[in-house]
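Novice: Throw the hints in and build the complete structure from the sequences for me.
Residue numbers (numbering that gives the first Met the number 0), protein chains in the order written: chain A, 0 to 311; chain B, 0 to 286.
None of these hints come from the bench; they were simulated from the model.
Computed from a predicted model, the values in this text were never measured in an experiment.
20 Å max Cα-Cα, derived DMTMM-like pairs, lysine to aspartate or glutamate: (1) A:LYS158 x B:ASP95; (2) B:LYS76 x A:GLU127; (3) B:LYS76 x A:ASP122.
Simulated restraints on C-beta separations: (4) B:LYS76 x A:LEU35: 50 to 56 Å; (5) B:GLN265 x A:VAL248: 34 to 40 Å; (6) B:ALA268 x A:ARG220: 36 to 42 Å; (7) B:GLY222 x A:ASN105: 37 to 43 Å.
A virtual CB, placed ideally from N, CA and C, is assigned to each residue, including glycine.
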Amino acid sequence: MLKPGGPAAKQLVILSGKGGSGKTSVCAAFCHLASLSERARAVLIDADVDASNLELVVAPHRVEEHEFSGGQLAVINPALCAGCGICADVCRFEAVLEWESIYTVNPIACEGCAACQTQCPEDAIHMEPQVAGRWFRSDSRYGPLFHAALTPGAENSGKLVALVKQLAGQMAIDNAYPLMIVDGPPGIGCPVIAAVSGADLAVIVAEPTVSGIADMQRILRTVEHFNVSALVCINKADIYTAGREEIEVFCGDKGLAIAGRIPFDLAVPEAMSQGEPITVYEPGGRVSQALHETWEHVLAVLNNTRRSDETD
Amino acid sequence: MIIAVASGKGGTGKTTVATSLALALAPHRPVCFLDCDVEAPNAHLFLKPVLDVRKLAVLPVPQIDQARCQHQGTCAKVCQFNAIAIAGETVLVFPDLCHGCGSCMLNCPAGAIIEQPHRLGILESGRANTGIRFARGVLDIGQPLAVPVIRQLKQWFRPRPDETVIIDAPPGTSCPTVESLQGADYALLVTEPTPFGLHDLRLAYELTRELGLPAGVIINRDGIGDSGTRDFCASVDLPVLLHIPLDRALTEGLAQGVPLVALRPQYTAHLWRVLAMIGHRLRETAC
Numbered sequence: 000m001l002k003p004g005g006p007a008a009k010q011l012v013i014l015s016g017k018g019g020s021g022k023t024s025v026c027a028a029f030c031h032l033a034s035l036s037e038r039a040r041a042v043l044i045d046a047d048v049d050a051s052n053l054e055l056v057v058a059p060h061r062v063e064e065h066e067f068s069g070g071q072l073a074v075i076n077p078a079l080c081a082g083c084g085i086c087a088d089v090c091r092f093e094a095v096l097e098w099e100s101i102y103t104v105n106p107i108a109c110e111g112c113a114a115c116q117t118q119c120p121e122d123a124i125h126m127e128p129q130v131a132g133r134w135f136r137s138d139s140r141y142g143p144l145f146h147a148a149l150t151p152g153a154e155n156s157g158k159l160v161a162l163v164k165q166l167a168g169q170m171a172i173d174n175a176y177p178l179m180i181v182d183g184p185p186g187i188g189c190p191v192i193a194a195v196s197g198a199d200l201a202v203i204v205a206e207p208t209v210s211g212i213a214d215m216q217r218i219l220r221t222v223e224h225f226n227v228s229a230l231v232c233i234n235k236a237d238i239y240t241a242g243r244e245e246i247e248v249f250c251g252d253k254g255l256a257i258a259g260r261i262p263f264d265l266a267v268p269e270a271m272s273q274g275e276p277i278t279v280y281e282p283g284g285r286v287s288q289a290l291h292e293t294w295e296h297v298l299a300v301l302n303n304t305r306r307s308d309e310t311d
Numbered sequence: 000m001i002i003a004v005a006s007g008k009g010g011t012g013k014t015t016v017a018t019s020l021a022l023a024l025a026p027h028r029p030v031c032f033l034d035c036d037v038e039a040p041n042a043h044l045f046l047k048p049v050l051d052v053r054k055l056a057v058l059p060v061p062q063i064d065q066a067r068c069q070h071q072g073t074c075a076k077v078c079q080f081n082a083i084a085i086a087g088e089t090v091l092v093f094p095d096l097c098h099g100c101g102s103c104m105l106n107c108p109a110g111a112i113i114e115q116p117h118r119l120g121i122l123e124s125g126r127a128n129t130g131i132r133f134a135r136g137v138l139d140i141g142q143p144l145a146v147p148v149i150r151q152l153k154q155w156f157r158p159r160p161d162e163t164v165i166i167d168a169p170p171g172t173s174c175p176t177v178e179s180l181q182g183a184d185y186a187l188l189v190t191e192p193t194p195f196g197l198h199d200l201r202l203a204y205e206l207t208r209e210l211g212l213p214a215g216v217i218i219n220r221d222g223i224g225d226s227g228t229r230d231f232c233a234s235v236d237l238p239v240l241l242h243i244p245l246d247r248a249l250t251e252g253l254a255q256g257v258p259l260v261a262l263r264p265q266y267t268a269h270l271w272r273v274l275a276m277i278g279h280r281l282r283e284t285a286c
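Specialist: Structure below.
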């Protein structure tokens, strides 16, 4: 049983390696199902900051909105620049552009390392903080939601993920929420690492396709690398039997439990179009039934995980 | 011509489209294929190349010569990524935070820093039996930085002047996607007509505007969702080059790693038309 008012909420992160495997649809259903019971009240976090979709199915109402300052950019002052070109020589990101001895910085390529600033003999370069996105706190149908929007093309998505998770964690402590549900980003790189960090349990949503299996294996190795235990949820489980069996054998060999098998059903995109989790849109349907069972399984495993700061 | 196949949302069918574009073109024109989705590379599952050339993707990270170090702490001060910390007399380097910018080495007053290659992943290339020249990058598990792997892949595997280049870009709109789109002539955005697909298509479209790239759309799994995507494309004058209807048998075939053009041969002609429309558009912009 989850204990409200504990030292920190348990963190459940939903991941997939591959995008589009149904991660957010599964996550939205979990958010709904969690809200039905007092012991699983959850703070919700959308950690897919460059394509945040959870808000489209939990009907959020924005309470707070803030700028996210992520990193910095070099700016060359033309009045001080002597045109020596040292900045272009030291830049490893090909971010300094030269045109007829006029030097300028391409903001998209600039990494913000400030190597050019430290080397400029004329002190003609300064670093400017960048607004790389915005973050929001909202009230949703299923609990408070922390989400964000990275400016398209911006860097530091990992930092933005870490920030929204930290804010959500504080709210969970302050208001005695026993659970945090994190909708993770695709891939295995820096935003995923930020989403996985500190999690108590990861649910990997995998499609039984050749691509889906390859990506599931990579995300499973990633969560294992960060010592987070994982369960696998097979989505669209009936589209390719051999693929489903391959996942089952793989998980069996690794000692990983299958938390659920969700059938392929067009009711899922229909629910999304209506802006509702499938468990609300078609509560008696076969997908909802499978998700109810999956959620019970996840909750049971989560209740048995113990945080390092807990004792008997 | 360099065409980058991208999408804001993952799983919309980018790799399906990119691999079948390459397969449709390969019997007639030299094709170079770059799988830039280094976090989740999958194009090889459809193109089945023999990958016989390999190179490590590395980042130059600092190594401190403790004997020469004068303990002034300049390296930690200039590092913008918290990759260097000073603990008493010891300088600690955290390679996973390092961006390989070289600033610490440039600024060390004692000349006590040299750089060591730190492995990020692997680059692989080879040829598919369709004649397609193929290369991909694979980010190592636990490594946060995808961008240098993509950058090194593109520097290592240069297209030849007569080749049409197809780039399979990662999902999203952040730095790995930007790095994949750099140098492309055209962005082909694959989406699905759902609210999720539309939300992320808007962001991907904004990114192409930011980068000054002409763009077009392929709507995959047409028939699910609603008309929002079509309305959006019309409202911003974003051409829809192809619709691929939702088809459960097709989904099942793709699940097994069979390419779109092998499952539905009529798509060879459809994709030729897409390429012709892109070529036509690029000629117009060049004039």
